[in-house]
Amino acid sequence: SLYVSEYFSQSAQKLSFYSWYGNAKLFHFHVPEDTVLLRWLLQASRGKGPECTSMEITVHFRHGAPPVINPLGTRFPANATVRPSYNISITLGSAVQNTTFVNVTTPAAGDWFIAAHLPQAAGRIEVKGFSTPCPYMFQADMFVLRLTDMPVLEPGVPMPHTVVSPAKPLHVKVFVPKHAAGMRLQLSSCVTSEQRACTVRVLLGSITLPQSFQRSLTCTGSTNCSLALESPPWEKWLQIMVESLGTANASVSVEMLASFTVCRPGSTSSFLNFISLNQSQAGASPGAAGSSAAAAGEAPRNASGQRGSCLQSQPVVREDLDVVSVRYRLLNGPSVPVSALSPTLLLLNLNTGMDSGGSLVVSLLLNKTSVSLANATVAACVSAASPVLSLNATQNCSTAFSQGYPLSVSTSSAEATLIVLYPQTDDWFLSLQLLCPKGQGECASAEGRVTVFAYLTPCFNDCGPYGQCSLLRRHGYLYAGCSCKAGWRGWSCTDDTKAQTVGTQNLATLLLTLSNLMFLPAIAVAVYRFYLVEASVYTYTMFFSTFYHACDQPGVAVMCIMDYDTLQYCDFLGSVVSIWVTILCMARLKKILKYVLFVLGTLLIAMSLQLDRRGVWNMMGPCLFALLIMITAWVHHGAKRRHCYPSSWKRWVFYLLPGITLAFIAISVYAFMETNENYYYTHSIWHVLVACSVAFLLPPRDKHKKPWAWSQKLTCRYQICQNDREELYAVT
1 SLYVSEYFSQ
11 SAQKLSFYSW
21 YGNAKLFHFH
31 VPEDTVLLRW
41 LLQASRGKGP
51 ECTSMEITVH
61 FRHGAPPVIN
71 PLGTRFPANA
81 TVRPSYNISI
91 TLGSAVQNTT
101 FVNVTTPAAG
111 DWFIAAHLPQ
121 AAGRIEVKGF
131 STPCPYMFQA
141 DMFVLRLTDM
151 PVLEPGVPMP
161 HTVVSPAKPL
171 HVKVFVPKHA
181 AGMRLQLSSC
191 VTSEQRACTV
201 RVLLGSITLP
211 QSFQRSLTCT
221 GSTNCSLALE
231 SPPWEKWLQI
241 MVESLGTANA
251 SVSVEMLASF
261 TVCRPGSTSS
271 FLNFISLNQS
281 QAGASPGAAG
291 SSAAAAGEAP
301 RNASGQRGSC
311 LQSQPVVRED
321 LDVVSVRYRL
331 LNGPSVPVSA
341 LSPTLLLLNL
351 NTGMDSGGSL
361 VVSLLLNKTS
371 VSLANATVAA
381 CVSAASPVLS
391 LNATQNCSTA
401 FSQGYPLSVS
411 TSSAEATLIV
421 LYPQTDDWFL
431 SLQLLCPKGQ
441 GECASAEGRV
451 TVFAYLTPCF
461 NDCGPYGQCS
471 LLRRHGYLYA
481 GCSCKAGWRG
491 WSCTDDTKAQ
501 TVGTQNLATL
511 LLTLSNLMFL
521 PAIAVAVYRF
531 YLVEASVYTY
541 TMFFSTFYHA
551 CDQPGVAVMC
561 IMDYDTLQYC
571 DFLGSVVSIW
581 VTILCMARLK
591 KILKYVLFVL
601 GTLLIAMSLQ
611 LDRRGVWNMM
621 GPCLFALLIM
631 ITAWVHHGAK
641 RRHCYPSSWK
651 RWVFYLLPGI
661 TLAFIAISVY
671 AFMETNENYY
681 YTHSIWHVLV
691 ACSVAFLLPP
701 RDKHKKPWAW
711 SQKLTCRYQI
721 CQNDREELYA
731 VT
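At position 525 of the sequence shown (counting the first as 1) the number is 525 in my numbering, and the numbers step up by one without a gap.
Hints were generated in silico from the structure; no laboratory data involved. Don't take every hint at face value.
Stated by the list, open to error - With a straight-line cut-off of 25 Å between C-alpha atoms, the simulated DSS-like cross-links for lysine-lysine are: (1) Lys485 - Lys128; (2) Lys640 - Lys650; (3) Lys438 - Lys368; (4) Lys594 - Lys640; (5) Lys128 - Lys14; (6) Lys640 - Lys590; (7) Lys591 - Lys640; (8) Lys128 - Lys168; (9) Lys178 - Lys48; (10) Lys485 - Lys498.
All chains, full assembly: derive it from the sequences and hints.
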């Protein structure tokens, strides 16, 4: 046999602490056919700075779709069937780098996914630039060993094969045809090269994670041994590996025979239904009416023939709506007939390679008037790769190499819903059959009708009222995840164990919005002291900060007067410009210079916020530059007057020192105390402290300006005016 090794690699990604699925870094690989060995090379590393500590990285694996993970232990939505993912932990201790290998023998061909993440996020809101987070990097590489000339086992033809040694197992494959109801593998004439009785172990199928349903068979001696499989995967290559359990130097000869039991489907003509559908959409015409009548008359004629078949196939149309959004439409109507003689089968096509990043939803609704027996039950099974063809005998909804998802409806419970999160890339089947408690003979002539709704959606229920459905991307692969808010958690934001009540949400909105009214004293002080430009800036900041926080709320107490991004930008711009104009006003510059700096600084701040809105230097840069200007101006004033500036000790004790203290406390709260849980009151404290510090720091008005005196401005009485003209006398 000729083996070929192949290597696949993807760029490293920076890991994040986990709070929702978007924090997990996804790697997408494709395993080729006839792969006998798969080896993952997992490399994790961290920075060398003092902020880097020991860390545990969790890595999840899954075949066919991204892994469904639950690191936070939250609840999944009702009717969602979740199976735990296969995961390993990689610890970064004293070593800066960790290399781990994971081997998978006879892996399933197709898409494989790896998701890696750090532990749960601490929840502290970090200001960008104040602290340097430690970088944790993760990279996954894939090595495969592929057999180029794997022997093909032809169905119904006995084929002799030889296992050279226990170290070199035999690999063969057989193609499973469509509508295969069962498969039987038989081994005979098993002898060793020493003419002794042999012992071999046969492994059927490939390994898939998180669950593997690989079948094993051990044969001893020359007697025949066989293994039967129910519902093998349709239209796929099935790998068979034979290992010798004998001595190391002895080869083993064995004869293998594979046979299939094919199920004969019975259904109405899909072509006639498709023609009828197109003509009904195009409009009524004489030809369309005739075709519709022909299609309608075809069903009764085929009904008698369907009684001898093992399944009744219903034609389904796949309708692509958007990215990871598909709707399935039955050509014969939304309701399908279900009988006890043979299961009704619906094909749900999810094999495009781009459908595994959403949620498959299947809903059944039983028409109670259609069931003649009151105690009958319609059993259903949703399975991948192959359908379940004997629901009356297989109650656990399992096929040869996979476990399906069972459903049931009856007259007492007429509705049932199933949610499959991240369905694997494959053909999915929905099987329905009528069951009776006293045996199938009781309901041989009974028939029920079940309305089927099946669709693929990016996020189930669009993540509900407390979540946002986000479309994520890894290279060319798209998948969706829910980002929850207001304390709601879970895959679809349905876990309310830590959710905020409506009263708490209203309180948070009121605190974050009404705390901006503390700018009113600062505005009044600025207007009283003739700082009208500064008062205008404070009014702008108060307005947009109020309505930005009213729009930024995660719960139901939300009001947005304009686009969220616009409100956020205006809030950030007003906050930084308010600090800028306040410090420049304290510098007591000449008017023309002060207003030039006002305008120039505002333009530069607007540009920097557009580049990086959350960067700490967008606030610290203007503050430091304004402080430098203020200190220079104060030194100049003090040197000119030969006295400390400001000269009044009352100005320092009652205004400057309290204002500076409030400003430092506000910066400390903003930079080091805010978390996701206490944001609504710590950020409100930030609003109050900043507004109060502005009122204290504004300098007094100029001495040559009189205070606002409306009685002197608006006079309504007689005044005696003095004539100061000089008389010019002419001398003649």
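Out of the numbered hints, which ones does the structure contradict? 8, 9
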